[in-house]
Amino acid sequence: MSVAVAPPRVPAAREQEARRPAPGRSRGPSLWMAGPALVLFGVFAVVPLLGVVVLSFMSWDGLGDPVWAGADNWGRTLADPVTQNAMRLTLIVTVVSWLFQTPVALLLGVFMAGRQRYRAVLSVLYFLPLLFSAAAVAIAYRALLDPNFGLGTALGVPWLSQDWVGDPDLALWVVLFVIGWCFVPFHSLLYQGGVRQIPATMYEAALLDGAGRVQQFLHITLPQLKYTIITSSTLMIVGSLTYFDLIFVLTNGGPGNATRILPLDMYLTGFRSYDMGKASVIAVVLVVVGLTVSLLLNRLSGSNKMESQMEGV
Amino acid sequence: MTLRIGRRTGAVVAAVSVAALLAACGGGKQPGGPAAGGDGFSAWALTGGTEDMFRAQFDSWNSAHPDDEISVEWFANDAYKEKIRTAVGAGNSPTLIYNWSGGTLADYVANGNVVDLGDSTAELDERLIPSVAENGKIDGTTYAVPSTHTQPVVLYYNQEVLDAAGVEVPTTYDELLDAVATLKDDGTIPIALAGQSVWPELMWIQYLTDRIGGPEVFQAVLDGKEGAWSDPAIVEATTRIQELVKAGAFGDSFGSVNADQNADTALVHTGKAGFVLQGSWVYPNFMEAAPDLVESGGLGYTTFPTVEGGAGDPDNIVGNPSNFWSVSADASPEAQESAKEFISTQVLSDDAVQDLLDIGAVPPIVGLEDTIEEQADTDHPSFVYGLVRDAPHFQLSWDQALPAAQSQALLDNLSQLFLGQIDPEQFSEAMDATL
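These protein sequence lines are chains A and Y, in that order. If you count the first sequence from 1, position 47 lands on 47 in our numbering, and the numbers rise without skipping. The number in our numbering is simply the position in the second sequence, starting from 1, with 313 added.
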């Protein structure tokens with residue numbers, strides 16, 4: 001990109017002149033250009049966030065005036081078995097989603113980046129779930145998985161007529177599958193782009209050295225996709241902390257509390273039980289965990305070093 | 314230099330996405346929405362079902378008061394429920410507040426959000442069926458008046474399914490258990506239950522508790538008496554619920570059945586299930602989805618069975634006595650007067666009663682027997698009307714009657730009780746903790 005727009009070479013003296021920063025000013029666009037974004041961020045993210053933090057120390061049922069409650073909400077919420085269960089479920093959802101979606105998306109992405117026959121047609125098919133809204137997907141799956149009138153009955157396959165979303169032991173896995181079905185296409189797309197960036201010369205060199213397909217994948221594709229994997233994992237993990245609409249429509253947290261993950265617990269506590277203080281505590285926990293995880297991922301991945309993977313190519 | 318900015322940008326982007334998402338769902342107030350309140354006379358009403366009756370009332374008011382027209386916003390049921398509490402809490406509610414009485418109304422009254430309706434309801438009060446009107450009163454003061462039809466919970470059944478299995482309509486709990494066993498052996502789901510929606514499960518615990526211990530048992534819960542959920546009547550009711558579940562009364566996949574899509578009534582009219590315990594609001598759905606079954610008399614309805622040795626009056630019913638209008642205390646005095654006049658002149662007026670009867674709904678008004686007999690479809694309305702008229706006690710659905718936090722805990726624990734995740738003692742213990 002930068003190569004394409006590089007200006008024609010100028011005499012060395014002029015270049016020196018142009019490079020020297022003006023006194024008292026750093027190079028690059030003015031900070032004022034970030035203004036509109038910062039205002040939006042402040043009004044719609046920071047202010048509500050601070051409001052939620054304050055509210056987490058107050059007792060409020062949505063009517064009347066909020067009353068100061070001190071740390072009462074925090075103790076009550078963290079000791080609540082329903083919320084503890086929600087935290088456990090959120091952890092499971094995050095870990096299993098990553099374990100399930102990453103390999104599938106990676107392999108699909110690599111396949112989609114290839115030159116095989118019918119690749120384009122299949123890619124379009126894989127891409128389809130990305131076009132549907134989560135609520136529509138949830139409603140469709142609820143109808144398909146209905147044990148009495150759903151897919152099992154329509155196709156005459158009794159095995160499909162399980163109590164998919166009504167059995168506490170099954171529901172979470174069904175939810176994880178549907179989430180995966182929704183989000184794998186997006187991550188495949190990331191990987192497809194990543195694979196396309198890998199120079200063909202690397203594969204040619206590997207081929208000359210006698211590396212097979214599996215070895216090429218393990219020793220070239222995977223290491224070259226390092227940053228794509230980090231990006232995709234960050235989105236996946238932070239996303240897992242905020243899954244809401246799909247589960248809300250598909251199971252509403254049920255049966256019992258089997259799929260009541262933290263964001264859902266927060267919503268139900270706030271807008272069904274009208275316990276705004278407790279809901280705010282859960283919201284603050286989610287913010288802190290989400291921020292910590294994404295910062296940690298950034299740190300661990302060494303993306304602050306951002307060394308090039310193209311050295312010597 | 315650029316590298317460090319890159320890292321920071323990454324952190325900021327991550328922070329923005331998390332914070333924005335969370336703030337969107339978690340933030341306290343939801344500002345915006347249609348402007349309400351103000352000085353004028355306004356109402357928020359619900360679409361669907363009885364929408365036409367309400368529209369006619371508003372039109373009639375407007376033509377009689379061209380200089381004091383009512384401004385109306387229409388909402389779907391769930392959207393309304395999410396919005397109204399915030400609006401009332403923020404002092405932005407419409408003059409006429411549509412509600413379901415119970416715990417929410419008690420909250421409004423406790424916070425001074427609604428006004429005493431005083432004499433404006435005197436004339437209407439005389440015409441109302443007392444057990445229904447009672448729900449709009451708190452400590453003897455009227456804060457809400459019934460605005461529409463009455464919807465008790467009824468045991469519906471598919472006569473063809475019962476005949477095929479050789480089952481009689483049960484009048485006692487023991488007969489119901491026998492019917493369950495016979496239907497199960499016959500390969501049908503004995504009773505359809507929308508367990509995914511959870512609230513239909515309430516109907517079972519409500520009726521069983523009432524039949525076993527009478528309405529006083531739940532009144533003790535409402536009064537916040539310590540240990541009220543451990544009342545022997547409630548323990549027996551929850552024990553019988555698990556007995557029914559274990560006997561296979563609700564099939565083995567009731568947790569996947571959702572009432573919002575009428576999957577429970579569909580099981581009955583398609584002949585896959587024998588019974589369903591549901592509010593009378595499902596009747597229009599039966600008529601629409603299975604007109605042949607309804608016309609041939611294949612769809613039966615009866616009262617909930619009695620429980621042997623139970624203290625409750627077998628004529629008691631549970632369900633949705635009516636929906637209600639209250640008047641906002643935040644409205645201007647002029648708007649409040651208009652609202653009271655609207656209540657005394659329009660609510661359940663003769664025209665409104667006729668509009669309800671036209672769609673097969675039953676208004677909670679005394680002395681309608683002959684009028685109902687003149688309607689096109691008389692069997693179901695007569696049955697429902699008789700049920701409500703003769704009921705010594707009409708119990709509002711527990712999830713509406715209780716304060717919001719308790720009612721959520723109830724739905725949560727009840728769902729686990731039906732799934733067998735907790736036993737009756739654990740249920741009572743968990744619910745006692747909410748009192």
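Don't read these hints as lab results, they were simulated from the structure. Mixed in with the good hints there might be a few duds.
Residues of chain A clear of chain Y, computed beta-carbon distances all greater than 10 Å [as the list claims (entries may be wrong)]: (1) G75; (2) A171; (3) C182; (4) R272.
Rough simulated footprint, nothing fancy, chain Y against chain A, three-plus residues with beta-carbon under 8 Å [unchecked claim]: (5) 57–69; (6) 142–149; (7) 155–167.
A few chain Y residues that face chain A, going by a derived Cβ cut-off under 8 Å, partial list only [stated by the list, open to error]: (8) V530; (9) L580; (10) K585.
All C-beta atoms, glycine included, are put in the ideal place defined by N, C-alpha and C.
- prompt: Quick check: which numbered hints come out false for this structure?
  reply: Hints 2, 4 and 8 not satisfied by this model.
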